[in-house]
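Go by the hints and put chain B onto chain A.
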Amino acid sequence: MASYAGKVRQDIARWVENGLINAETAAKLNRDVEANARRSLSFGTVLAMLAAILLGAAILIFIAANWEAIPRITRVLTVFAVIAAGYVGGAWLKLRDYPAFAEAAWVVAAAAFGGAIALIGQMYHFSGDESGAILVWCAGTALAAVALRSNPLTVMAVAIADGWLVMMLLNGFDFRDGFDFPYLYVLMAIALFLVSYWTRSQAARHLIILSLVVYAGFVALSDDWDAMAIQLAIGSAAVFAAAVYASEPLDGLLQLGGRLPLHALLGFLVGMAILQFKYDEGGGLILTSALMLAGIVAAIVLAGRESRGLRWLAYIGFAYELVWIYLVMMGTMLDTASFFLAAAVTLGLLAFVIMRVEKRMRGHAAERGATS
Amino acid sequence: MTGKKLVISAVVLALVQIGFLSWMIAGRAAILRNGTEVLLKVEPVDPRDLLRGDYVRLGYEISTLPAKLIADLPPGQTTTAGGRIIVRLKKDADGYWRPVSAFLATPASQPGPDEADIAGTISGGWSIEGDATLSPEYGIERFYLPEGEGRAVETDMRVRPFGVRVALAKDGTPQIKALMDGDKTLFEEPLY
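If you read the sequences in order, they're chains A and B.
If you're matching positions, the first sequence starts at 1 in our numbering and goes up one per residue.
If you're matching positions, the second sequence starts at 1001 in our numbering and goes up one per residue.
Next comes chain B alone, as it looks inside the complex:
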């Protein structure tokens, strides 16, 4: 490789990698800026070990989903093959958003007023008969905290109801906006 070519390769490579990273950031910032904001209720996942290194693990009310809510279930199917699930949320009287229906394929109808869709994934093999529940993951099950603040948050989370404000993109991709201690905003995320 000649000298000039090597330098050009290196510059292009740096631009491609930095460009890719910027694209990741821009995508997230766009959801934060333009997404529909919903408030989700946090439920303790594993009471012994919420704090993992520098983040707390978050479980949500919507992390346990009654299988009955699935609206577009093919007749006769008794288990899910796994994969993507869209959960339609509606704002409740207490301000928290709760699931009203769910879709395994792209929803046929648009969300109504005070409604929004969140996308998650479920692992396959779950029963969807009768009173079965599904455990979708939404990719928002972690909140990274500044060093040393984890313990206090973890303790409080056990005694008081916490919430998370989430921005939802049109396709349902969720992005955490803020961690709420009741009505109080604990940590709010800047765009960048």
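Same shape as in the complex, but just chain A:
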């Protein structure tokens, strides 16, 4: 990214020299480049964040080891000191213009907060309430994100919430209650989504929407009734349509950097794939397969031009669909040799479709480039 900023600055200097733009415009452009380059992720930021995550993990493991060499009151006070030093020291670093180290220090402090909860649980032999402990950790991290207006802390809070969700989905099975779903997650997702506006965390919003798709998929999978899968597929299709036809206002509201169609397509594919598990023969198979393929084609036609990621997700969906149709239709009739033949035909068909679509999209892009 830094190289891009540098190149633009050279270009601006040249444009001024050639009299294309005046000095005032050049200054404005330079300021804009500067501001945007700051916000982008640099290699240093990534390294600082990795260091913070490792340090946070070290603190958590150190505590989990229940090390008896230090009296536990000392251990608690040490963790308290890490929390205070992390938050306040991070703020100090931010003011000294080391934003990457500042965010890293905050992440360490938030990890230490989680570690302290675990340590207290261990000191007093708490049992059976990991769920509550993780929720408290999540709430504490979200509070820190709000107080410090931190993008990484928002992502961390979402990641903790997602960890909680996965834990609940995997362990939540109770043979007396049936699958006891953590519906609380939907509320947490909404709250964290609101927090992400204040902290300007687009990454957190993406993560939340992805986890909601996963959540809906889990609910649909465990449900005997197909309502959830149908709702997921139809809802995603509706969101997709809205994202394409009202992209400006919708992206202004959700601020997802124009990637809402990608999430919607994923939701549609997940919902349809789950429906297909349930209707794997006769009319149901034909209908679901036709809808799936139509949806994929519609996605490429409507939004494929703008997004390479969306096209590749559509190809993956297409490949999945071909394999699925093969599995339920032919799998029982054909032997191994025929399997390879069918696989060859499938792959060839897939390659053909991908090449055709990519060529068309490139053609469009070139055309638009020529006219503009």
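No lab work stands behind these hints, which were simulated from the structure alone.
Please note that a few of the clues may not be correct.
Claimed, not checked - To give an idea of the chain A side of the interface with chain B (calculated C-beta under 8 Å), a few residues:
id	residue
1	Y87
2	L93
3	L95
4	H125
5	L143
Unchecked claim - Selected chain B positions facing chain A (in silico; Cβ < 10 Å):
id	residue
6	L1006
7	I1008
8	S1022
9	R1028
10	R1057
11	L1058
12	T1106
13	G1130
14	T1133
15	E1137
16	I1140
17	F1143
18	R1151
19	V1153
C-beta atoms are modelled at their ideal positions from N, C-alpha and C, and glycine is treated no differently.
Same frame as chain A, but now just chain B:
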């Protein structure tokens, strides 16, 4: 955000989080200091796998509770909806405390002499008819051990009766005080 505001936010945030953690510790220490002390008999839960990482799992005599003990059962009800249960314990001749009655709502009477209430939770759907038993959990089903000491405790627990001394708050919240090997105190918890 201006510089001063950011530093103030960070300081307040650190104080709030540390304050919350201290409040957790203070609550537990208060139960240890002021709670009614009872001795509960440990029963092996899963003979193959008591030791989980750095703690032993503990099952208690009172983890299996005859449904007949429930004193405030609405007539006609045959299953519990789950949730909180208060179990009233009384000291027996051998020193261990055993259940005498249980309540699904707040008990109407105060515990008598040599009696104490412990709060637990039961998952719903259990039958409470006839000779049915309930399996409440009290949140004291773990004992964290110093590294490397788990194996020995686990082995001993299978051959000798173990006990746990528990402090009970007024509302029944239990807090483990010590792990007992017969009459001998193995690990005693300091307040902090």
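Any hints this thing doesn't respect? Which numbers, in order? 2, 12, 13, 14, 18 and 19
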